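A.B. asks: If you read the protein sequences in the order shown, they are chains Y and X. First residue of the first sequence: 1, per the UniProt record's numbering; consecutive thereafter. First residue of the second sequence: 1, per the UniProt record's numbering; consecutive thereafter.
No wet-lab data here; the hints were simulated from the structure. Do not take every clue at face value.
Mimicking SDA-like on lysine to any residue, the simulated pairs with C-alpha atoms at most 20 Å apart in a straight line are [stated by the list, open to error]: (1) Y:258 <-> X:99; (2) Y:258 <-> X:86; (3) Y:258 <-> X:83; (4) Y:258 <-> X:88; (5) X:80 <-> Y:132; (6) Y:258 <-> X:89; (7) Y:258 <-> X:193; (8) X:80 <-> Y:235; (9) Y:258 <-> X:76; (10) Y:258 <-> X:382; (11) X:293 <-> Y:256; (12) X:80 <-> Y:44; (13) Y:258 <-> X:84; (14) Y:258 <-> X:80; (15) Y:258 <-> X:192; (16) X:133 <-> X:162; (17) Y:258 <-> X:410; (18) Y:258 <-> X:108; (19) X:293 <-> Y:44; (20) Y:258 <-> X:381; (21) X:178 <-> X:190; (22) X:80 <-> Y:231; (23) Y:258 <-> X:376; (24) Y:258 <-> X:97; (25) Y:258 <-> X:73; (26) Y:258 <-> X:372; (27) Y:258 <-> X:114; (28) X:133 <-> X:410; (29) X:178 <-> Y:231; (30) X:293 <-> X:97; (31) Y:258 <-> X:77; (32) Y:258 <-> X:377; (33) Y:258 <-> X:107; (34) X:133 <-> Y:44; (35) X:133 <-> Y:257; (36) Y:258 <-> X:168; (37) Y:258 <-> X:413; (38) X:80 <-> Y:234.
Nothing here was measured: the structure is a model prediction, and the numbers come from that model.
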Amino acid sequence: MSSQERTAWLFTAPVLAIIVAVLVLPVTLALALSLTDYSIYALADWDNVRFVGLGNFQELLRTALFWRALANTALFAVLGVPMAIGASLGAALLLHDTTVRWKALWRVALFAPYVTSVVATAVVWRFLLNTRFGLINYALSWLGLPPVDWLGDPHASIPAILLFVTWKIFGYNMIVFTAALSAVPQDLMEAARLDGASRWGRFRHVTLPAIGPTLLLASVMSVAGFLQIFAEPYVMTLGGPAQSTVTVLYFMFDEGFKWWNLGQASAVALILFVLILTITFVETRIGKRNQWL
Amino acid sequence: MLMGDKGCRRADRVTRRSVLAGAAALAATSCGPRSASPPLRFWATSYEGDYAPHLMTAFTAATGIEVDVQSIPSTAAHEKMLTAFAGDALPDVFALPSGWIGEFQMIGALAPVPSPDYVADVLPPALALAQVKGRNFAVPWSAAPQVQFYRRDLLRDAGYETPPDTWEAWREMGRTIKRRRPDEFVFLTLLNWPDTLFSMLYQTGMTMLRDQDTRGNFRSPEAESAFAFYLSLFTENLAPRALSTEVQDAFAAFAQGRYAVWPSWPSLLLDLHRRRAEIPRERWGVARLAGPKGPGPTAMIASNVVVSARTAQPQAAWALVRHLTSTATELRFQQLIGNLPARASAWASPQLQMPVLRPFAEQMRQPAMAPKIVEWERIQIEVQLVAERVVRGLLTIPHALAAIDGRVDQILAKRRALVEAGRIA
């Protein structure tokens, strides 16, 4: 080892030590835990812990609620990611237009929900979504539509929570897109306009390739975020009605911290980790093919 | 001692610094009888936690021991206490509902009650709920049997002075009220509140678990009748298909007449007192819950005071338990928050002879005995989840009962293995 290499190791050692202590070690332990039947009985006596191999995973595959949680989470991601990114991109494009005045004010107003507390906003949204007195049903009644039991109907609960989540988080990606849009080359845009490209044509062939990498980043982060959705259903519906908003992370929280089945909960965490890793891998492959990376 | 004396002496020489130092020493030692130990920590949930500081002034005055009270939200109490135990952060003394005593005793969180005279004067049902295999790990503090609160005015309009005490007649009353007020509901029992359904199950006299509490026993005619009755309240629109997250203020809904009957607990007495501007005293009454053929055992939550097995100050901790569960303190708590005392001698007080408390006293003599196993809290929640699916039309009752048995067997798998191995009884 050269002295330069040694110095490099010396400088990185503190960070590496912290990473090992707070990341590598816990993850390894969780992995080990997922192969045991650690439960509340283990709190009483360590001798009650047994090595069960893949038993926790087999047990999970037999648990109906786990499958329901997976399906709910998939629904959250499939509907939520396009909704959130679409809203962000739409808002960013609108604000990017040169005719818009008071841009800073609009940006602050649209970004504000992202930095407010989930619990406080969830309470407000529970009032908005109230079947009998809620503003949303009041607006629907103007359009002549019947009231929707947003948080009480198992079919409406996920869309209702998604409305809230989208409103809450779209501001963040909107700011990211705003930055990306300002980097779109103006001369290309003008050349396309002179050549008679339509508004859609300019968006498709000039704007989109330029913001491609940003779009990929936003979608990777959104997918990971939606697969780990927990706080919103926890404060809005407690997983109900009829467990229609129990997500994988909610299921893991219940198993692990409410009932202290840490073996089972670690197995869920591992499955979620593999899922997110796989999806991110696929997304980066798509990105590479489009030469965004 | 030295520090305290110094502080007191120094305060004689008046300079700014010495006054400040003296004040700090005074605050720490009071220059009188001093307590060297850190304050005792005490946890309790909801109203008990909110109002417990009022009980501590007398204790601190008498013993010089400071108590640091923390109020824990009841919805998160179970996981908070378990996590605290795992992280060795349990307080010295805490309030524990009777259903959790077996669980916390099993994991070794509770110190045994040092002497039988702590529980000498406790009402037998409350004591029975608190004991684990005949041993005392908790001192009963209050007892809360489930009863019904009803709107006198709404019932009278429908021709009833008091609610009938059989299921059939009770539901008939509901129909009569519903006919007069079709836009409102009658029974306030929400789809994530398991207690009403469990009271119905207890009233049928069924045994919910079998084989030494290692398997579900829900596929029985009794459970079927209780489920059918419970379901009928929703299919006839007498109760709302709603969760507690949707009914933001259940009390206001009751006060506004959106519901005429509310199966609930003594803690509601405090709400009724604090919010008497919303619903005057003459508009509500209390009665025992209706049963299949008359009142029977209903769900009962007894609150107990327990001492952590790892407390560093056991003597002070038990002194606090003695203070909190004394007749005088229990009567004061009854006055403050409506809690019903667990001590028999407290019930002899004129304060407890109010007519409104009579249904509670009667119901308390007939408590339902829940199985004392670690998994019971979870089983109750899972049974209610299945019941919710039945009410929402996603399952039929026979399928639901089979699903419950399957789920209960799954939850009890670990316990079954341990019982079969002879590691637990």
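A.B. asks: Run every hint past the structure and note whether it holds.
C.D. replies: Right, here's what the structure says about each hint:
1. Y:258 <-> X:99: 15 Å, holds
2. Y:258 <-> X:86: Answer holds: residue 258 of chain Y to residue 86 of chain X is near 12 Å, not above 20 Å.
3. Y:258 <-> X:83: OK: residue 258 of chain Y and residue 83 of chain X at ~9 Å, within 20 Å.
4. Y:258 <-> X:88: 17 Å, holds
5. X:80 <-> Y:132: Not OK: residue 80 of chain X and residue 132 of chain Y at ~35 Å, beyond 20 Å, violated.
6. Y:258 <-> X:89: 17 Å, holds
7. Y:258 <-> X:193: 17 Å, holds
8. X:80 <-> Y:235: 17 Å, holds
9. Y:258 <-> X:76: 9 Å, holds
10. Y:258 <-> X:382: Holds. Residue 258 of chain Y to residue 382 of chain X sits at ~13 Å (cutoff 20 Å).
11. X:293 <-> Y:256: 42 Å, violated
12. X:80 <-> Y:44: 17 Å, holds
13. Y:258 <-> X:84: Since the Cα atoms of residue 258 of chain Y and residue 84 of chain X sit roughly 12 Å apart, the hinted pair holds (cutoff 20 Å).
14. Y:258 <-> X:80: 8 Å, holds
15. Y:258 <-> X:192: 16 Å, holds
16. X:133 <-> X:162: 40 Å, violated
17. Y:258 <-> X:410: 17 Å, holds
18. Y:258 <-> X:108: 18 Å, holds
19. X:293 <-> Y:44: 43 Å, violated
20. Y:258 <-> X:381: 12 Å, holds
21. X:178 <-> X:190: Given that 20 Å is the threshold and the Cα spacing comes to 18 Å, the pair holds.
22. X:80 <-> Y:231: 17 Å, holds
23. Y:258 <-> X:376: 13 Å, holds
24. Y:258 <-> X:97: 16 Å, holds
25. Y:258 <-> X:73: 14 Å, holds
26. Y:258 <-> X:372: 18 Å, holds
27. Y:258 <-> X:114: Cα-Cα ~31 Å, so violated.
28. X:133 <-> X:410: 25 Å, violated
29. X:178 <-> Y:231: 38 Å, violated
30. X:293 <-> X:97: At roughly 29 Å apart (the allowed maximum being 20 Å), residue 97 of chain X and residue 293 of chain X break the hint.
31. Y:258 <-> X:77: Holds, because 10 Å separates the two Cα atoms, which is no more than 20 Å.
32. Y:258 <-> X:377: 10 Å, holds
33. Y:258 <-> X:107: Given pair residue 258 of chain Y, residue 107 of chain X holds - Cα atoms ~15 Å apart, limit 20 Å.
34. X:133 <-> Y:44: 17 Å, holds
35. X:133 <-> Y:257: Distance of about 27 Å is beyond 20 Å: violated.
36. Y:258 <-> X:168: 38 Å, violated
37. Y:258 <-> X:413: With Cα atoms ~18 Å apart, residue 258 of chain Y and residue 413 of chain X stay inside 20 Å; holds.
38. X:80 <-> Y:234: 16 Å, holds
Going through the hint list in order, the structure does not satisfy hints 5, 11, 16, 19, 27, 28, 29, 30, 35, 36.
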